[in-house]
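Dock chain B against the given chain A, drawing on the hints supplied.
Protein chains: 2
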Amino acid sequence: MSRVQQLIDRIVDRVNINLREPAFDVGPYVREIIPVDQFVKFYAFYGLTPHYPLHFSFAHSSLAGSYFLGRCTVEHAVLYKSDIRGDELKRKGTLFEHKGIRIPLHEDEEIRIRDSFLIKTLVHNNSHDPESPEEFQIRNTVAMHYANIHGAPVEGCFIGPFATVDLTTVHDCVIGAFSYVQTGELNHREVPAGTIWIRADGAFEFRYNYADEALARYVSVKPGEVPTGILMDFVEARKGEFQEVFESVGCCRGLEIPEGASVSPYSVVKGESTIGRNVLVAQRAYLNGARMGPGANAQENCYIVDSTLEGFNVTAHGGKIVGAHLGEKVFVGFNSFVRGTDRAPLKVGAGCIVMPHTLIDLEEPLEIPEGRIVWGLVRNAADLEENSVSAEELSRVDGEFSRGRMVFKGKGETFVQAFRHRIQHILEENGAYYDGTAGLGHAQKGQNMVFNIIQPYPDGDLKGMVPTIDIRP
Amino acid sequence: MSRVQQLIDRIVDRVNINLREPAFDVGPYVREIIPVDQFVKFYAFYGLTPHYPLHFSFAHSSLAGSYFLGRCTVEHAVLYKSDIRGDELKRKGTLFEHKGIRIPLHEDEEIRIRDSFLIKTLVHNNSHDPESPEEFQIRNTVAMHYANIHGAPVEGCFIGPFATVDLTTVHDCVIGAFSYVQTGELNHREVPAGTIWIRADGAFEFRYNYADEALARYVSVKPGEVPTGILMDFVEARKGEFQEVFESVGCCRGLEIPEGASVSPYSVVKGESTIGRNVLVAQRAYLNGARMGPGANAQENCYIVDSTLEGFNVTAHGGKIVGAHLGEKVFVGFNSFVRGTDRAPLKVGAGCIVMPHTLIDLEEPLEIPEGRIVWGLVRNAADLEENSVSAEELSRVDGEFSRGRMVFKGKGETFVQAFRHRIQHILEENGAYYDGTAGLGHAQKGQNMVFNIIQPYPDGDLKGMVPTIDIRP
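Protein sequence lines, in the order shown, are assigned to chains A and B.
Counted from 1, the first sequence has number 42 at position 43 by numbering that gives the first Met the number 0; the numbering is strictly sequential.
Counted from 1, the second sequence has number 429 at position 430 by numbering that gives the first Met the number 0; the numbering is strictly sequential.
So here's chain A without its partners, still in its complex pose (with noise of 0.2 Å):
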């Protein structure tokens, strides 16, 4: 048995003993779904620039395709074409503040992923937990394919495929298929599939889940097998078109750059894309025909295909836009897919909320007017009605309201003022709002990065396993 096999066999284990409650064995959805040659196939890297602490460290991993920014320890894991970055890890010194309480950090925050296999998986990092201010942890965890884990330490944990766990620490729990966790803490719980889950303890509480059938078509997952779906088929037909751009190292493709604006070399830009100013192409975000307005981002594994974004739009991680044409300040959550066409076109008003996991797919022609708020399945001019609110609207709630599938509870206002709070923070992260001087953010501080590469052995009994490394400044 090759070291990959035994490493996996080996995490399998650790998670299984931590969700033996819920029982559930994850041995199923990882053993094999990866053929070992491909773990020789995407090197890893990390990025050098002087604006970020430095210190990585892999011990007995296999780390294809995954990139690293900040502090990161990687032990006895499989990251396999994981983003990771660490752009937002807190430095020594900072206040953490919470309920009043200031917690100054004794150390540089560090990102620590230890017997744990991540498919294609994110770990951002804008982590919320107070309780460990200086780790952010991954452990025992399984996520599958397009999962997100993002500032959510996570331990014990299955995540289904294109699941999202988010500004939540996760203790062996099951997430399920495209469901999204927003809850702050979940413990010992199983979130069945497709469940849009968003709670502020004492504030306010989203909920909505997809009917099996429709989503299943979107995304399904069978023990044993490779995940299905349309959206799986979406990624997995533009997979190609990546093997190219790790081909290259450095960014040379002629698209015209403005000042403050950034794109990974990392990315695949094509068609008539043109990039604003102050505009974030993060890596394995997919352009085609995309146009970037001023400020507007999209975040690592999102697909911009035949759309125009006027400005300052967040694409989170994992979103998938087409055929469309948002306003200014529309954001497109996690992993929703927003997909109109040329017979169906679609057009989202500015300052739009598309929530995380929304699968917008017309069969007509739709506008959504400008300040909605949008989640679930959306095909048509109905379907909107019974998927969305103007935020003004749901502002002025305070108690229960429900909209056909969807139920919520608390204080509106709250939660529209999270949101955009949230959106805000994003795009000054990402340094939309860069001047020239103030206002710096991940675009520019990206824009002089080198990529340093960490390829894998490429035969023997380590085939696919990576050296043991450790950097330092």
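The reader is advised that the hints may include incorrect statements.
Because identical chains share one entry, a pair is satisfied inside a single copy or across any pair of copies.
[As the list claims (entries may be wrong)] List of simulated lysine-lysine pairs, DSSO-like, C-alpha gap at most 30 Å:
#1 K444 <-> K40
#2 K89 <-> K462
#3 K91 <-> K462
#4 K269 <-> K40
#5 K444 <-> K462
#6 K98 <-> K408
#7 K346 <-> K221
Simulated from the structure, these hints should not be mistaken for laboratory data.
Only chain B this time, still in chain A's reference frame:
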């Protein structure tokens, strides 16, 4: 002052302390010779295969372009486009034999480079020093453009441009431009430019000196200036083509590479070049219209242009062959420049030995008969008469023999045998005789190699320096 400049200054001080006798100031030769911007242009890299013991440790250094393959530690050093390798490092337990004494290695041999500035320098390493079998040291040394340090532990030295120290322990010496020394040991000496000096204690001594004027056309160096001459012009004219090579990862240029052969992804191969069985094309080798017969090799920094090599040819590090037809087993030594033209083609008969640092630069057609040993400057038949001898004739010499500017003392047969033995060693090490099972060498072991890339800080105070890195299996 940037960290790289500080580092260079410190190296200059350390080398100068060593060179107080002979009194020599290396400062003007290296200060500001390479603009700091250059140090960020080329990444370094290390190869990963199951074939070589791995342990790399880099600290406080700039490593542009360097290539590591075996155990290597680099501290407080500048390696600028250096090749290093390390595939011939001895393993733990190996017996090192020297004059009947057998010394078992108690650990894997390691290359250690400290407080040195090596410009475009090779350190291939087939170390010969029984006093330090586990450590191959390069310390307090400045090596100028395209110098070769080969199997030669050096301490406190200035090595001029295109000079070679080969299988020689060198301590506190100044080696002039284009000089070649292979003398076992050398202490506190100043070797004038253009000296070809091969000595085996008690067996033989070969010595040739280029006339200053003749040499100056090919290689010349003045304090405070980049070296000049035909050899510099030749390599500088082609360096842009390597830039493209460094910008892509992996070797996929549609070249037909037969079994047992390997072509480094960091070589340039163009024109109507062909690659025979078991051919080795090393990194930074340049082939343009090169027909490489079976078992032929092009080592680091070789240039083979519009030439045919019939097979089992060794082109040692830095050898340049243009417009020539080489018979089987022709050896072209380190940094030799062998140039025919359309009007003055060159034919070199089988088994010829072109001595290291030979300049064959034709003004008329020339055919060198089989089995000839050639040295010095050869432009025509008259020069060849003065600067060559048949191996047979030299083998009969026992005592003193001089011809032109060359003086030989000792046993000719031992000299010829030593050369033939070394050529055979090189062919075997490079895998020229690989038959599909036996005879595995560098060509075959390198076939499935992957390269991990190390880039320096792109800007800031540390611009051009690489992080501190430790890599183990």
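**Prompt:** Between K269 and K40, at a C-alpha cutoff of 30 Å, which is it: within one copy, between copies, both, or neither?
**Reply:** Result: close both inside a copy and across copies, 23 Å intra and 27 Å inter.
**Prompt:** Under a CA distance limit of 30 Å, which applies to K98 and K408: within one copy, between copies, both, or neither?
**Reply:** within (22 Å within a copy, 89 Å between copies)
**Asked** At most 30 Å between C-alpha atoms: does K444 with K40 qualify within a copy, between copies, both, or neither?
**Response** The answer is both: 29 Å in one copy and 19 Å across copies each meet 30 Å.
**Prompt:** How would you label the pair K89, K462 (within, between, both, or neither) given a Cα cut-off of 30 Å?
**Reply:** between (35 Å within a copy, 24 Å between copies)
**Asked** Taking 30 Å as the upper bound on the Cα-Cα distance, should K346 and K221 be classified as within, between, both, or neither?
**Response** neither (35 Å within a copy, 69 Å between copies)
**Message:** Treating 30 Å as the Cα threshold, decide for K91 and K462: within, between, both or neither.
**Reply:** between (38 Å within a copy, 24 Å between copies)
**Request:** Indicate which option fits the pair K444, K462 if close means a Cα-Cα distance not exceeding 30 Å: within, between, both or neither.
**Result:** between (35 Å within a copy, 15 Å between copies)
Hint 7 from the list above is the single one not met by this structure.
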